[in-house]
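Asker: What follows is each chain in one-letter form.
Number of protein chains: 2
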Amino acid sequence: MQDNERISDSDELQRSLRQIVQLLDKQRLVEELVHRQDMPRHGLVETLVHKQHVAELQKLLDELDPADIAHLLEALPLEDRIRVWDLVKAERDGEILLEVSDAVRESLIAAMDTGELANAVGQLDTDEIADLAPDLPHEVIQDVFTRLSPEERDQLRAALSYPEDTVGALMDFDMVTIREDVTLEVVLRYLRRMDELPDHTDKLFVVDRLGVIQGELPLNRLLLHDPEVMVAAVMEDDIVSFEPDDDGREAAQAFERYDLISAPVTDANGKLVGRLTVDAVVDFIREESSAEVLSLSGLREEEDIFAPVWKSLKNRWTWLGVNLVTAFIASRVIGVFEGSIEKLAALAALMPIVAGIGGNSGNQTITLIVRALALGQISLANARQLFAKEIGIGMLNGVVWGSLVGLFAYFFYQSVSLGLVMTLAMILNLMLAALAGVFIPLAMFKLGRDPAAGASVLITAITDSGGFFIFLGLATLLLIKG
Amino acid sequence: MQDNERISDSDELQRSLRQIVQLLDKQRLVEELVHRQDMPRHGLVETLVHKQHVAELQKLLDELDPADIAHLLEALPLEDRIRVWDLVKAERDGEILLEVSDAVRESLIAAMDTGELANAVGQLDTDEIADLAPDLPHEVIQDVFTRLSPEERDQLRAALSYPEDTVGALMDFDMVTIREDVTLEVVLRYLRRMDELPDHTDKLFVVDRLGVIQGELPLNRLLLHDPEVMVAAVMEDDIVSFEPDDDGREAAQAFERYDLISAPVTDANGKLVGRLTVDAVVDFIREESSAEVLSLSGLREEEDIFAPVWKSLKNRWTWLGVNLVTAFIASRVIGVFEGSIEKLAALAALMPIVAGIGGNSGNQTITLIVRALALGQISLANARQLFAKEIGIGMLNGVVWGSLVGLFAYFFYQSVSLGLVMTLAMILNLMLAALAGVFIPLAMFKLGRDPAAGASVLITAITDSGGFFIFLGLATLLLIKG
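Chains A and B are the protein sequences, given in the same order. For the first sequence, my numbering assigns the number 1 to the initial residue and increments by one for each residue that follows. For the second sequence, my numbering assigns the number 1 to the initial residue and increments by one for each residue that follows.
So here's chain A without its partners, still in its complex pose (with noise of 0.2 Å):
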């Protein structure tokens, strides 16, 4: 099936990165010199040169694995990447898309006229199109849809009904049934009369007559056993199968605790409708855990690294723009304590020692309650617990960090009750921060929200705002007015 080189080594990617780089760069030199000169005698050495370097990278592409292609395209940026994508054969165009990221390959159907698109798409399987889809225009699904096999069309049909991350959207349609009064020879000569098992075959689905699944018969067992056998002496009926609307995520968790290559997906009644693998579940996996961390600070998505100015701005403002309306309050907790900050100016160089600490042992809590809600280690069962944790480490971390910003404010500023409300204010900030880094995912996930969703930019506002009112009100108590 896969005729190309494949890559294991990154060393060697970067390589035939910098190669394409290079390649990439003469070619510019040498437009760059026709235009400049502007001599049309001089034209044809040049264009002749300039040929010689788009074959010789057009024979580096056609060396690669379409997913190594995939990668490259990542890496480059926007003129180059485009440049690259055209010498690119057409019919590998389709494989290459489903590789790489949302992001990117928004950036190269942008680049493809609807024909292109079209052809592109219509090589590949009814499920790969319905991923791509989103991404696509109208018309090309529409004449991409006219091509296909009513059967296709059903499925595909299918396939676009189901909402991102159910298990419906990962499933492809690529399997194999058998029923279970046959003897594992039969089984044998009828999978020889086939061209190829689908990709990632490691059982083979057993159905009745109506189509609802009976059992699995690993290829193991069809190999291991004798073939005089019947299939239901050697099935393995005790499957661990899914259903359409099932959450991706649970079923990633079942793939990862039990090891599955290929699960059946099932409707209510039982009947086979499509069939999750293993591949499908590492690209959500990492997609999900992508998605986590940027979330956590407060972006939206995967960004093209080499996406436009204003486009990356899109994905960021959103919770830039809270963190602003934040800023502010937190600015105007300040305000109300101007007359202290004149009286004694040193609380305004102290009070960003209590609000930062607070934010970064907040930020410490809400990722890791963020991992484990994702990871499904947290239930109500034990959010008691977690809480009275998490305030037990924020007030020791207080006792301990306090004392030393405490013996810092009195040794800069040679006094003891300024120390002591230092030490005091770091405390109850802490204590904050722990709560509120439990509280704040544990709520989003109750409200059926996502917990990571600008988690940080939220903890740091209310250990900003929290840290300054905390300082500033004890000084102002204890300080100034005592």
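Do not take every clue at face value.
[Claimed, not checked] Some chain A residues near chain B, calculated using beta-carbon distances under 10 Å:
| hint | residue |
| --- | --- |
| 1 | Gln14 |
| 2 | Asn119 |
| 3 | Val186 |
| 4 | Glu288 |
| 5 | Arg332 |
| 6 | Gln385 |
[As the list claims (entries may be wrong)] Derived DSS-like pairs (lysine-lysine); straight-line CA-CA distance at most 30 Å:
| hint | chain 1 | residue 1 | chain 2 | residue 2 |
| --- | --- | --- | --- | --- |
| 7 | B | Lys343 | B | Lys481 |
| 8 | B | Lys89 | B | Lys51 |
| 9 | A | Lys89 | A | Lys26 |
| 10 | A | Lys481 | B | Lys26 |
| 11 | B | Lys311 | B | Lys89 |
| 12 | A | Lys26 | B | Lys314 |
| 13 | A | Lys311 | B | Lys481 |
| 14 | A | Lys446 | A | Lys481 |
| 15 | A | Lys343 | A | Lys314 |
| 16 | A | Lys343 | B | Lys343 |
| 17 | A | Lys446 | B | Lys311 |
| 18 | B | Lys481 | A | Lys343 |
| 19 | B | Lys311 | B | Lys343 |
| 20 | B | Lys89 | B | Lys26 |
| 21 | A | Lys314 | A | Lys481 |
| 22 | B | Lys446 | B | Lys314 |
| 23 | A | Lys26 | A | Lys59 |
| 24 | A | Lys89 | A | Lys343 |
| 25 | B | Lys26 | B | Lys51 |
| 26 | A | Lys446 | B | Lys26 |
| 27 | A | Lys481 | A | Lys343 |
The set of hints was computed from the structure by calculation and includes no laboratory data. These numbers were taken from a predicted model, which means no experiment stands behind them. All C-beta atoms, glycine included, are put in the ideal place defined by N, C-alpha and C.
Fit chain B to the known structure of chain A by using the hints.
Answerer: Okay, now just chain B, sitting in the frame of chain A:
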């Protein structure tokens, strides 16, 4: 192999968890009663009730798959976890120890004596023993070692010799090898003599008489081709293979790119030494991405969410300590400008806005760069473009958000010049944030360090001190002295 009920759906797992917690609570209640009443004549009755609960719990546990028990143990508070662990059948201990996280494993091992541990570990494969080895007491390893066959001892020694995160540490030794000069029929007969194939066998490895790999025979082809054909005629000879010293991250990326289920691991001469399978890769990907999220916010490792407080403190202190130092520096930066703040207390209220928005924007940038580095999308060839793009975004963000905070400052303090100073400071600090957000992870990466480690603490340090210095410096120059 697997005769336990497996649970594909997390609601069901949560139900099991609740059942277990309820049973444990009942048990505790009984124990408390016995203890409180201190009446020996009641003892008998309560012990009976107690035994009944224990039996019920045991039955529940016996029905669960080891992977599911592992998952439940993660979600149980320490005391309950140990109670449940004591009830798990000894012969399943090894498998469960493999499945739990490092942090939880430590707590389970602490609750076992040397003999129990040696028995549990002794039942595992050598590559699995190697995985557990770092957490086991020396006597246990010694004990297990003496029970192994000479060949297994060599394997264990080899597996222990590879550093964590290399292919050598991830591989196993369960593989089926065949020769190329036999027919498929011979291979089929050879397989039928085996009891079972190793898990995740999707291909057989073809080796010569010295054990040097010649190709792979996918089970697919074994099934689909005529049994009379020779192995050499249908084997795949362009194979993706790894060496034990290869980086686990790169192997994982290759598994993802090429959708592999298993791959041979060979020494420098091509001699087959082990096998890498997708389940090990999936676990590795999970751990890697967890480590990235955690180290971004300055946590050293995954944490048992129910670990005793002092254990969690150890995990969090390294970066909080760094944070303390950076907070002191930021405080001293402000200290330099105390004179200006005394004259214009509004500066104290406005400066956290500049620092805070800079911090969040810098965190967004650093998160994206760390992600792109982890996915291998960044090389030195494209670093220049990255800097240009991020600084462009910083500047645009600065103009937009800077104008807003400038208006805010003007609105609250009725000073046009103060508003302008705010705007200018925001633009400069957001550009600083962009610069540092790209520079820190790239520099760490170049130095061979983890680009994610404490990234959030470091970027916040720069945007805090930098933001205070830029804003207060500009204000002093233009407003106070001007």
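Asker: Does each hint fit the structure? Answer for all of them.
Answerer: We went through each hint and held it up to the structure:
1. Satisfaction of the interface hint for glutamine 14 (chain A) is found here, the shortest Cβ-Cβ separation to chain B being roughly 6 Å, below the 10 Å cut-off.
2. This hint is violated: asparagine 119 (chain A) has a C-beta 24 Å from the nearest C-beta of chain B, more than the 10 Å allowed.
3. Interface hint status for valine 186 (chain A): violated, as the beta-carbon distance to the closest one in chain B is roughly 13 Å, over 10 Å.
4. A cut of 10 Å between beta carbons decides the hint on glutamate 288 (chain A): the least distance to chain B is about 9 Å, and the hint holds.
5. A distance limit of 10 Å between C-beta atoms decides the matter here; for arginine 332 (chain A) the minimum to chain B is near 8 Å, and the interface restraint holds.
6. A hinted interface residue such as glutamine 385 (chain A) counts as satisfied when its beta carbon comes closer than 10 Å to some beta carbon of chain B; here the least separation is about 5 Å, so the hint holds.
7. A C-alpha spacing of about 11 Å is found between lysine 343 (chain B) and lysine 481 (chain B), which places the hinted pair at or below 30 Å, so the restraint holds.
8. Under the criterion of a C-alpha separation no larger than 30 Å, the hint pairing lysine 89 (chain B) with lysine 51 (chain B) is consistent with the structure, at around 17 Å.
9. Between lysine 89 (chain A) and lysine 26 (chain A) the CA atoms are separated by roughly 22 Å; this keeps the pair inside 30 Å, and the hint holds.
10. Distance restraint check for lysine 481 (chain A) and lysine 26 (chain B): the Cα-Cα separation of roughly 55 Å exceeds the 30 Å cut-off, and the hinted pair is therefore not satisfied.
11. For the given pair, lysine 311 (chain B) sits about 29 Å from lysine 89 (chain B) by alpha-carbon distance, which is consistent with the 30 Å threshold.
12. Simply put, lysine 26 (chain A) and lysine 314 (chain B) have alpha-carbon atoms about 54 Å apart, too far for the 30 Å limit, and the pair is violated.
13. For the hint pairing lysine 311 (chain A) with lysine 481 (chain B), the CA-to-CA distance comes to about 41 Å; that exceeds 30 Å, so the pair is violated.
14. A threshold of 30 Å between alpha carbons decides the hint, and for lysine 446 (chain A) with lysine 481 (chain A) the separation of about 44 Å lies outside it, so the pair is violated.
15. Restraint check: the Cα-Cα separation between lysine 343 (chain A) and lysine 314 (chain A) comes to about 43 Å, which exceeds 30 Å; the hinted pair is violated.
16. Simply put, lysine 343 (chain A) and lysine 343 (chain B) have alpha-carbon atoms about 10 Å apart, close enough for the 30 Å limit, and the pair holds.
17. This hinted pair checks out: lysine 446 (chain A) and lysine 311 (chain B) have alpha carbons roughly 29 Å apart, not beyond 30 Å.
18. A C-alpha spacing of about 20 Å is found between lysine 481 (chain B) and lysine 343 (chain A), which places the hinted pair at or below 30 Å, so the restraint holds.
19. A hinted pair counts as satisfied when its Cα atoms are at most 30 Å apart, and lysine 311 (chain B) with lysine 343 (chain B) does not qualify at roughly 47 Å.
20. Taking the CA atoms of lysine 89 (chain B) and lysine 26 (chain B), the gap is near 22 Å; set against the 30 Å cutoff, the hint holds.
21. With a CA separation close to 48 Å, the supplied pair lysine 314 (chain A) and lysine 481 (chain A) exceeds the 30 Å bound.
22. The straight-line distance between the Cα atoms of lysine 446 (chain B) and lysine 314 (chain B) is roughly 28 Å, inside the 30 Å bound, and the hint therefore holds.
23. Our distance criterion of 30 Å between C-alpha atoms is met by lysine 26 (chain A) and lysine 59 (chain A), whose separation comes to about 16 Å.
24. A C-alpha spacing of about 74 Å is found between lysine 89 (chain A) and lysine 343 (chain A), which places the hinted pair above 30 Å, so the restraint is violated.
25. A distance of roughly 11 Å separates the Cα atoms of lysine 26 (chain B) and lysine 51 (chain B); the hinted pair therefore holds under the 30 Å criterion.
26. For the hint pairing lysine 446 (chain A) with lysine 26 (chain B), the CA-to-CA distance comes to about 27 Å; that is within 30 Å, so the pair holds.
27. For the hint linking lysine 481 (chain A) to lysine 343 (chain A), the alpha-carbon distance of about 11 Å falls within 30 Å, and the restraint holds.
The structure fails to meet hints 2, 3, 10, 12, 13, 14, 15, 19, 21, 24 from the earlier list, while all remaining hints are met.
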